[in-house]
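Line by line, the protein sequences are chains C and P.
Every letter in the first sequence is one number past the one before it in the working numbering, and letter 438, counting from 1, is 438.
Every letter in the second sequence is one number past the one before it in the working numbering, and letter 34, counting from 1, is 34.
It cannot be assumed that every hint is accurate.
To give a feel for the contact side, a few chain C residues facing chain P, derived at Cβ under 8 Å [to be verified]: (1) Ala-25; (2) Gly-45; (3) Leu-155; (4) Gly-159; (5) Arg-211; (6) Ala-214; (7) Ala-239; (8) Pro-347; (9) Glu-377.
Here chain P is said to cover these stretches of chain C; the calculated rule only asks that three of the stretch's residues, wherever they fall, bring their Cβ under 8 Å from a Cβ of chain P [said to hold, decoys possible]: (10) 31–41; (11) 84–90; (12) 166–172; (13) 219–228; (14) 240–247; (15) 253–267.
Honestly, the hints are just simulated from the structure, not real lab data.
Quick reminder that beta carbons are idealized off the backbone N, C-alpha and C, glycines included.
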Amino acid sequence: MDIRTPLKLIFLWLEGWFDRIFTPAWNPFYCLGALGYFYFWVVAGSGLYLYIFFDTGIPQAFDSVEYMTHEQWYLAGIMRSLHRYGSDAMVVMTMMHLVREFAFDRYRGGRWYSWVTGVPMIWLVFAAGITGYWLVWDELAQYISIVTTEWLDWLPIFGEPIARNFMAPSHFDGRFFTLLVFLHIAVPLILLFLMWFHLQRINYSKTNPARGLAVGTFLMLLALSIAEPAISHEIADLAKVPTDLRLDWFYLWSYPMIEEFGAGFMWWFAFAGTLLLILVPWLPPRRRRARAEVNLDNCNGCTRCYDDCPFSAIEMVPRTDGAVFEREARVIPDLCVSCGICAGACPTATPFRRASDLTPGIDLPEHPIADVRERTEQAAAKLSGQGRIIVFDCEHALDTAKLGIANAASVELRCTAMLPPSFIDYVLSRGLADGVVLTGCREGQCQYRLGNQWVDGRLEGTRDPMLRKRVPRERLLKTWASPADGKRFRHDVEAFQQRIETLGDPSDASTRHPTKETAA
Amino acid sequence: MSEPTMNAPKLFGQAVVYGLFALAVGYLATRPVWSHFDASNARLLVSFTHGGKTAGDCHRRTAKELAELAPNMRMATVCTRERVPLLFEMSIDGSPVHRESLPPTGLRGDGPSRIYEKFSVQPGRHEVILKLRDTKRTEGFDYERRATVELKPGQNLSVDFKAAQGGFKFE
Numbered sequence: 001m002d003i004r005t006p007l008k009l010i011f012l013w014l015e016g017w018f019d020r021i022f023t024p025a026w027n028p029f030y031c032l033g034a035l036g037y038f039y040f041w042v043v044a045g046s047g048l049y050l051y052i053f054f055d056t057g058i059p060q061a062f063d064s065v066e067y068m069t070h071e072q073w074y075l076a077g078i079m080r081s082l083h084r085y086g087s088d089a090m091v092v093m094t095m096m097h098l099v100r101e102f103a104f105d106r107y108r109g110g111r112w113y114s115w116v117t118g119v120p121m122i123w124l125v126f127a128a129g130i131t132g133y134w135l136v137w138d139e140l141a142q143y144i145s146i147v148t149t150e151w152l153d154w155l156p157i158f159g160e161p162i163a164r165n166f167m168a169p170s171h172f173d174g175r176f177f178t179l180l181v182f183l184h185i186a187v188p189l190i191l192l193f194l195m196w197f198h199l200q201r202i203n204y205s206k207t208n209p210a211r212g213l214a215v216g217t218f219l220m221l222l223a224l225s226i227a228e229p230a231i232s233h234e235i236a237d238l239a240k241v242p243t244d245l246r247l248d249w250f251y252l253w254s255y256p257m258i259e260e261f262g263a264g265f266m267w268w269f270a271f272a273g274t275l276l277l278i279l280v281p282w283l284p285p286r287r288r289r290a291r292a293e294v295n296l297d298n299c300n301g302c303t304r305c306y307d308d309c310p311f312s313a314i315e316m317v318p319r320t321d322g323a324v325f326e327r328e329a330r331v332i333p334d335l336c337v338s339c340g341i342c343a344g345a346c347p348t349a350t351p352f353r354r355a356s357d358l359t360p361g362i363d364l365p366e367h368p369i370a371d372v373r374e375r376t377e378q379a380a381a382k383l384s385g386q387g388r389i390i391v392f393d394c395e396h397a398l399d400t401a402k403l404g405i406a407n408a409a410s411v412e413l414r415c416t417a418m419l420p421p422s423f424i425d426y427v428l429s430r431g432l433a434d435g436v437v438l439t440g441c442r443e444g445q446c447q448y449r450l451g452n453q454w455v456d457g458r459l460e461g462t463r464d465p466m467l468r469k470r471v472p473r474e475r476l477l478k479t480w481a482s483p484a485d486g487k488r489f490r491h492d493v494e495a496f497q498q499r500i501e502t503l504g505d506p507s508d509a510s511t512r513h514p515t516k517e518t519a520a
Numbered sequence: 001m002s003e004p005t006m007n008a009p010k011l012f013g014q015a016v017v018y019g020l021f022a023l024a025v026g027y028l029a030t031r032p033v034w035s036h037f038d039a040s041n042a043r044l045l046v047s048f049t050h051g052g053k054t055a056g057d058c059h060r061r062t063a064k065e066l067a068e069l070a071p072n073m074r075m076a077t078v079c080t081r082e083r084v085p086l087l088f089e090m091s092i093d094g095s096p097v098h099r100e101s102l103p104p105t106g107l108r109g110d111g112p113s114r115i116y117e118k119f120s121v122q123p124g125r126h127e128v129i130l131k132l133r134d135t136k137r138t139e140g141f142d143y144e145r146r147a148t149v150e151l152k153p154g155q156n157l158s159v160d161f162k163a164a165q166g167g168f169k170f171e
């Protein structure tokens, strides 16, 4: 069994519950990366305030933190707690984001770049957190200083063990905090740069969670900061061994590992873990699907594919074939994930074309639009009687064919947004079926990020190519369904079948709504 | 994405989820407590860096040897760069606790030797004997320090070595 399957099912189950509680628009699972950004800004903002009052030196560093925690508890103290809990929440979101992208197989092919650029960010998140705990200069900071430097000393690159700086009070210089402050500011700045880098191949990237979710999560952090304020241990004393430590397990889980298994083990663990994460997009070997291809004879440079590509894999360049159009689409093969959304956006991808081959301006060589039309017609041929349904589904969502719904035939697509809206018109106007069902990944859960959004826009008439007005909407059902939603989907479709049985033949103009087009 | 419609049960559910998340974050941010060292014991930390003497003898070049060299390379005396490994020994209350040969660092073995070791010790009065050999001799030690130390529970006592200051010192 695929290692990702159980993880994916857990996520789907949880996300189903969260859809009910938060609604898809506010579901935190659908914006884990954006929540990571949000927590970053909470940490940056609170850190900026703390920096005003932080003092370097011994014992000034500890004293200044104590002042903020106890004397100015109402603002600096809360800021300190927000700083801590925001950082912890950022680790949670980062890790969940990573696991979820893995579970849903969203890290391979053209998406390797976002995955790989995320790996060094993990190191930077931990480096930023650890240097932050170091600055407080309490017993925990003392412990972190010693174990961190012992860990670094395992590398045979330091002439003198740097852990010696913490072996006795006389060895330690307060100017060390100046270096630490620099690191604690520089590392998050590098992290921010990488966060920007991380999104370079993502079109319409979402870096802000929905406002309601942002408000809710901030209030949660604030409430936690008031209920359980962050406090320090006793002041560090190098003449004593710190014993009972209240570790922040989000950041400091590796310290007990270093103590239990040794610094060498931890280096190998970190090195092997990093290497594995970097290599994961290419493990196990998988043949990449053929990328989208532009057919210039059918491309008029309309930019719809360029606008709809979720991964910036299409660029508009000056015309090369001497045609009268100003520009043409060009696929950037390294960025293309072969989702087919571009073909779904192409105005020439209409199944009504019969005079010439159905070759759109842009298409997937292994899954062409002409093949979708052929499979649609084959599916229709299996149906008979009343309540005939053609289901267009997504290969990453519910496998509707396996449900065996009576008088319903499925046509699987790479993504539901790969389907040009004219197919719905084609099916109904040609009487291939009495109703059309569109389904795919749950709202906000699209394998290719924006599929649901583009389908919604096309059906609602807010995004090109739009579904023609003449198409009877009562014969169309859009219901998103993940692999965990089979029961609900079956119920929705069977109820839909019952409704359309009362409507008559879809190709009969008299049964349609008298829209302007049909009236004409 | 469709605009969210909220009602009391949903808001209540969200409050529960936020509460559980806050509980998890608040708990794991400081708990469970990690006890890595028995507070009833004391710690002796031995750490120093010190370069042993060079491993080979110096050689004074003859006039003939010098003449064979380029004028800018006619150094009269040449010594080997490699240093001898240090031999460190520590005993507490007459019992040997640690004995280790410390190799020189550096690609050519010409860097200082180093040690960083921690020992957990029962609190109380102890006689500590520290010995170090940093020459080519095969018997005996070049530095030795005997000291009686009084250790308290949880105390961290450091042992350093500075040849220029006479050898071992407690901090």
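Hint check results:
no.	hint	verdict
1	Ala-25	4 Å, holds
2	Gly-45	18 Å, violated
3	Leu-155	12 Å, violated
4	Gly-159	6 Å, holds
5	Arg-211	10 Å, violated
6	Ala-214	12 Å, violated
7	Ala-239	6 Å, holds
8	Pro-347	25 Å, violated
9	Glu-377	33 Å, violated
10	31–41	violated (count 0)
11	84–90	holds (count 4)
12	166–172	holds (count 5)
13	219–228	holds (count 7)
14	240–247	holds (count 8)
15	253–267	holds (count 3)
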